[in-house]
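**Q** Here is how the chains run, residue by residue.
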Amino acid sequence: AQTVTQSQPEMSVQEAETVTLSCTYDTSESDYYLFWYKQPPSRQMILVIRQEAYKQQNATENRFSVNFQKAAKSFSLKISDSQLGDAAMYFCAYLSGGSNYKLTFGKGTLLTVNP
Amino acid sequence: DTEVTQTPKHLVMGMTNKKSLKCEQHMGHRAMYWYKQKAKKPPELMFVYSYEKLSINESVPSRFSPECPNSSLLNLHLHALQPEDSALYLCASSQDMGRRPQHFGDGTRLSIL
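Chains A and B are the protein sequences, given in the same order. Each residue of the first sequence is one higher than the one before, counting from 2 in the working numbering. Each residue of the second sequence is one higher than the one before, counting from 340 in the working numbering.
Because the hints were derived from the structure by calculation, they are not lab data. Be aware that a few hints might be false.
[Claimed, not checked] Listed next, the in silico BS3-like pairs over lysine-lysine satisfying Cα-Cα at most 25 Å (straight line):
hint, chain 1, residue 1, chain 2, residue 2
1, A, 103, B, 379
2, A, 103, B, 392
3, A, 103, B, 380
4, B, 375, A, 108
5, B, 392, B, 375
6, A, 103, B, 377
7, B, 392, B, 379
8, B, 358, B, 348
9, A, 56, A, 103
10, A, 56, A, 79
11, A, 108, B, 358
12, B, 361, B, 392
13, A, 79, B, 380
[Stated by the list, open to error] With the Cβ distance kept under 10 Å, some of the chain B side facing chain A (calculated, not the full set):
hint, residue
14, 372
15, 379
16, 380
17, 384
18, 393
19, 405
20, 408
21, 410
22, 440
23, 441
24, 444
25, 448
Quick caveat, the model's predicted, so the values are computed rather than measured. Positions of the beta carbon are idealized from the N, C-alpha and C atoms, including for glycine.
Sequences and hints are given; from them, build the entire structure.
**A** Right, dumping it as structure tokens:
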């Protein structure tokens, strides 16, 4: 079974600075997808960024980018120019590329942004 | 604005009540999901519907009864719940099962008295 590990329960960053959230995963599959979801206190789970395992290029969405290291099974999220609205719980998630339907989530990292 | 709409946002019910949670999406997605999330924990999958048929039941107690009347609508019927069922219930949808990212609603905060 796949596992997803987020080793940082809490992180903080100053507004306008850069922060990196860590995620590692364990799988024997070669075809899979990785996601970062953000859940602010308003509680909606918002898809931040996705990465297909077959793509070598790291995904980028505006101020959010990932460092995908397939061999090391690492998928970290970098947030640049942090804003107060980035404060949230961030979940890393794995989805098998086969017929599996199940998102496997990490335990989450609570990000605080200090003004 | 969320593309997956859940109602109600908050629900308080007694252990003998019967209530329903509703989820709606108009993105043409053919897979819909119910998750349960306890405070400061990741979501746990409960049910998956694919093309309006129940595909997956993650060994959920029968006091939770899902229903998919059409491709846009997903209900979760609740009856005789226990205090430990108090949680945030999230609905999600995706273009189809697997591969596609899931889009979540705002959730229903359920409290069992």
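**Q** Evaluate each hint against the coordinates.
**A** Do the hints match the structure? See the list:
no.	hint	verdict
1	103/A <-> 379/B	20 Å, holds
2	103/A <-> 392/B	17 Å, holds
3	103/A <-> 380/B	16 Å, holds
4	375/B <-> 108/A	14 Å, holds
5	392/B <-> 375/B	20 Å, holds
6	103/A <-> 377/B	18 Å, holds
7	392/B <-> 379/B	31 Å, violated
8	358/B <-> 348/B	13 Å, holds
9	56/A <-> 103/A	21 Å, holds
10	56/A <-> 79/A	18 Å, holds
11	108/A <-> 358/B	30 Å, violated
12	361/B <-> 392/B	17 Å, holds
13	79/A <-> 380/B	22 Å, holds
14	372	8 Å, holds
15	379	7 Å, holds
16	380	7 Å, holds
17	384	6 Å, holds
18	393	12 Å, violated
19	405	15 Å, violated
20	408	21 Å, violated
21	410	17 Å, violated
22	440	5 Å, holds
23	441	6 Å, holds
24	444	7 Å, holds
25	448	8 Å, holds
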